[in-house]
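*Asks:* Sequence:
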Amino acid sequence: MTEQPQPFRDPQLPFARRIDDLLQRLTLDERIAMLHQFAPAVDRLGIGAFRTGQEALHGVAWMGPATVFPQAVGLGATWNDDLVRRVGEAVGNEVRAKRAKDDRVGLNVWAPTVNLLRHPLWGRGEEGYAEDAALTSAIAVAYTRGLRGDHPHYWRTAPVLKHWLAHNNETDRDTSSSSVRPRVLHEYDLRAFRDAVRAGAVAGVMPAYNLVNGRPNHVSPLLSQQLRRWTEQSLVVCSDAGAPSNLVDSEHYFDTHEEATAAALKAGVDSFTDHGQDSTVMTGRIHRALEQGLLDESDIDTAVRRLLELRFSLGEFDPGLDPYADTTAFDRAEHRALAQEAAEQAVVLLKNDGLLPLDPKAPGTIAVVGLLADACKLDWYSGTLIHRSTPLDGVRNRFGADRVTFAEGADLIRLKCAAGWLQIPDAGPGTGAGQGGEGALDPALLAGRTDLPPLTCGDTPSELALVDWGNGVLTLREPDGRYLSVAEDGYVRASADEPGGWIVQETFRWEKVEGHAGGHRLVHIGTGGYVSVAADGVKVAGVDEKVSGHAGAAAVFEIEVVERGEDAVARAAEDADTVIVVVGNDPHINGRETEDRTTLDLPAHQERLWRAAHVANPRTVLAVTSAYPYALTGAAAALPALLWIAHGGQAAGTALARILSGDVSPAGRLPQTWYTSDAELPGLLDYDIIGSRQTYLYYEGTPLYPFGHGLSYSAFTYTGLTAERDGDRLHVSVTVTNSGVVAADEVAQLYVRAVAPSVVRPLRQLVGHRRLHLTPGAGLRIEFAVPVTELGHWDVAHGRWTVESGAYEVQAGASSADIRLTTVVTVDGEPSGPRPVLHHGLEAADYDEQFGTEIVDRTKTDGDAVTATVPGNELLFRRCDFAAGTRAVEVSAAGEGFVEITVDGRTTTVGIPATDGPYDYRSHETPLTASGVRDVQVALRGTVRLAGIAFTGATE
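Each number in the working numbering comes from the position in the sequence shown (counting from 1) with 4 added on.
Errors might be hidden in some of the hints.
[Stated by the list, open to error] With a straight-line Cα cutoff of 16 angstroms, these simulated EDC-like cross-link-like pairs (lysine to aspartate or glutamate) come out:
hint: 1; residue 1: LYS420; residue 2: ASP378
hint: 2; residue 1: LYS420; residue 2: GLU564
hint: 3; residue 1: LYS365; residue 2: ASP581
hint: 4; residue 1: LYS864; residue 2: ASP259
hint: 5; residue 1: LYS270; residue 2: GLU320
[As the list claims (entries may be wrong)] Distance ranges between label pairs, derived from CB positions:
hint: 6; residue 1: ASP832; residue 2: ALA888; range: 29 to 39 angstroms
hint: 7; residue 1: ALA337; residue 2: HIS735; range: 46 to 56 angstroms
hint: 8; residue 1: ALA366; residue 2: ALA641; range: 47 to 57 angstroms
hint: 9; residue 1: THR865; residue 2: ASP107; range: 32 to 42 angstroms
hint: 10; residue 1: ARG945; residue 2: GLN28; range: 53 to 63 angstroms
hint: 11; residue 1: THR865; residue 2: ARG340; range: 24 to 34 angstroms
To be clear, the hints were calculated from the coordinates, so they are not data collected in a lab.
All values derive from a computational prediction rather than experimental measurement.
Using N, Cα and C, we set each Cβ at its ideal position, and we do this for glycine too.
Build out the structure end to end from the sequences listed, making use of the hints.
*Replies:* This is the structure:
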């Protein structure tokens, strides 16, 4: 007789039955062990080890060489769902190919990031797709479908969306709370996640470090109330690294780690990423939470079941049936071509007064200048480059190396101190290879090189290339070599190929020395220590010498400028027929994970470079290679041509050159608004896009470049816009024709706006987009099927999604500010109606407008309350229906102070005696008379946390 396999090994059975069988075979200890990121093997059942988490934002990251695609924001700039799906497929295949050779590579990929690019100063803006929820979700759906594959049962990889929820600040990111009103929650932040989850190619989400409305995301009730109600599919929630411990250590939300871990597990977290590969800390907390009655085994089984379903879907238990098990597609020719195509499609032409494209056959020279002209920058979530193309490489290859000159524009300096000139010693033989090619589960653990000799001081100076990246942050390096860096032993060496690492060790800052004309101390930013000179080399001072005023043996340097960068750029520009100035950011400096930007301004060093080039040569093109928008008002006014491309991965230079030469007509579109100055921005922690009029949806000013903007070398006309309602869909058609003389892509964009809304609604809102390629004279009629629900909003008066009756304008055009055609449709929707306050009262967070308040947690498990942030605060509730009248008002609040309620010009004050803590809500009643439909204004005094207001009818 043939021995029957254990049921969990039987591929003929559905996953659910197999998981049931496996669960009952696992011991409690084995099940608890599966809840850590690094789940150990269960040898007695023949089950291997498993890890959640493999970074794959725009290529396989942290595991050595891989195809590097454009940054996520660059993929967003393509506005091309099909392209991004193909990128996701290539990345998924490379994950599988690397997994076949290295079992450290995980198949549960932590990508994409769908946090909306609400604020351009957010340090991690490079990781998101767009400021718009519809565009973000469309690109995310495409990427996750590529990562997942199309097999009905088995997944190529299992994507996890980051970072749930309302996470757009690195400043105090693990302790700050995002105050998110219900309309912003439902209309904006949730939507980017919702549509991707409903599309069926998402395996789970990762909660963010921050709190939302006073409650940490890792214990958010929205995981069960929203996320897991969007789909019948099992979803795994993986914690962010260290976040479970933060619930106690930094947030102080719980008193013990056992309480915190139990609360997170009950809220829906399934996999705990904490304490690296040491699972004993987290599993110990779970065991103790069980012993203390904070958990029961069913809580553990629920999470393990979800994790097992993920593992089954990845083919772990059916290797012979897994269609992706033998994938070897790595660094294929088609991957290299796709990386170039993605980079080309990401280029946005911001301005062109006719200078572009440049004719490759025309005589004359081209100067390629700027700090990023010969750079191919990587970010924290990039893989290691196999292929590399800088703008200089690309232009030389396309136009001919003999026609291209180069000037970087770094300042060349020498440094002298009391011990002599700063010198970079000869590295000697056998020290050429750098670190990092082998890959690491956590690149933050990679240490700086110590195999090279440290800097010294002596009679012969070494020239250094100095770059000021803004905010006084400097890098120093050999003019054609390595950056100065500090290793763990504290010595300064010319040892780094690029700035990088979790704590960047290649950045410095000058500090002027009082009483010493021209003297500066050099502060190493990564350690906070001063650079000093010792007998055995240059090093960073110890802890006791880090504080300004207690510099100890810190060296005082005099700076001798050999050549200003702008002088070199001006010479190159003057001698050339055309100048291409490449500016932008280093993704590890002044804006990255853990560090927000402080300004939209281009660093002064780079501002000087483009101005010097333009003075020397009016035929100057500015190519911005950056992860973020800049306020380029001066350049936009002065220069004839501007382009923007996010850091474009391995083919960035080739792509840029093909755009400059006209081989490809640019058709990238901005995925976020480019503002004119910092003055146009709200506070970084202001998440109320409606109240503070943020993003293209509500911004009422004139941007430098609007959302969706991007020019072409061709021209396009829009004709025949029609819109008709058919059941629950709005069918929209428009014809787009290439009326220019070159074949090119166009991105047709479809927007809607409510003509006469009862509440503040978006000025216009994207509901569809299509990237299409047209030859000269060709036209194409494109169709959009827009769900009527897209016309709606969250009705705080009734706690539901509502599509109001009325007229809606449908707009078709080339950007949010370049609308070519409009038509109006009338929709029979739901009447808005006043607030039925006698029946439902007023939830404090359901205001229409507010000033000087924030939303906080009503309890540690659920609900919202509102508290004051400034004395002169107000909550406004419009159109409250008191019917025939009221006789009393009842306030539910915690804290201490007063609640002032104003109706029809009459103010009623309700005293709130001190309660036993912020979660001890008590009710207080006082007389109040009102009738008919009236606005209600509420002011909070003291430490009051208002949960809600109820009214008693006059006849009750």
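*Asks:* All hints are to be evaluated individually against the structure, with a verdict given for each.
*Replies:* Evaluation of the provided hints:
Of the pairs offered as hints, the one joining LYS420 and ASP378 is violated, with about 29 angstroms between alpha carbons and a cut-off of 16 angstroms exceeded. Of the supplied pair hints, the one linking LYS420 and GLU564 holds, its CA atoms being roughly 8 angstroms apart against a limit of 16 angstroms. Taken as a hint, the LYS365 and ASP581 pair is honoured in the structure, with Cα atoms around 13 angstroms apart against an allowance of 16 angstroms. Proximity of LYS864 to ASP259 is assessed by CA-CA distance (about 12 angstroms); at most 16 angstroms being required, the pair is judged to hold.
For the hint pairing LYS270 with GLU320, the CA-to-CA distance comes to about 27 angstroms; that exceeds 16 angstroms, so the pair is violated. Checked against the given bound of 29 to 39 angstroms, the beta carbons of ASP832 and ALA888, roughly 30 angstroms apart, stay inside it. In this structure the supplied range 46 to 56 angstroms is violated for ALA337 paired with HIS735, their Cβ-Cβ distance being about 41 angstroms. Distance hint check for ALA366 and ALA641: the Cβ-Cβ separation is about 27 angstroms, which falls outside the suggested range of 47 to 57 angstroms.
The hinted range of 32 to 42 angstroms is satisfied by THR865 and ASP107, whose Cβ atoms lie roughly 39 angstroms apart. Here the CB-CB span from ARG945 to GLN28 is close to 58 angstroms, well matched to the stated 53 to 63 angstroms. Between THR865 and ARG340 the beta carbons are some 51 angstroms apart, a value that contradicts the proposed interval 24 to 34 angstroms.
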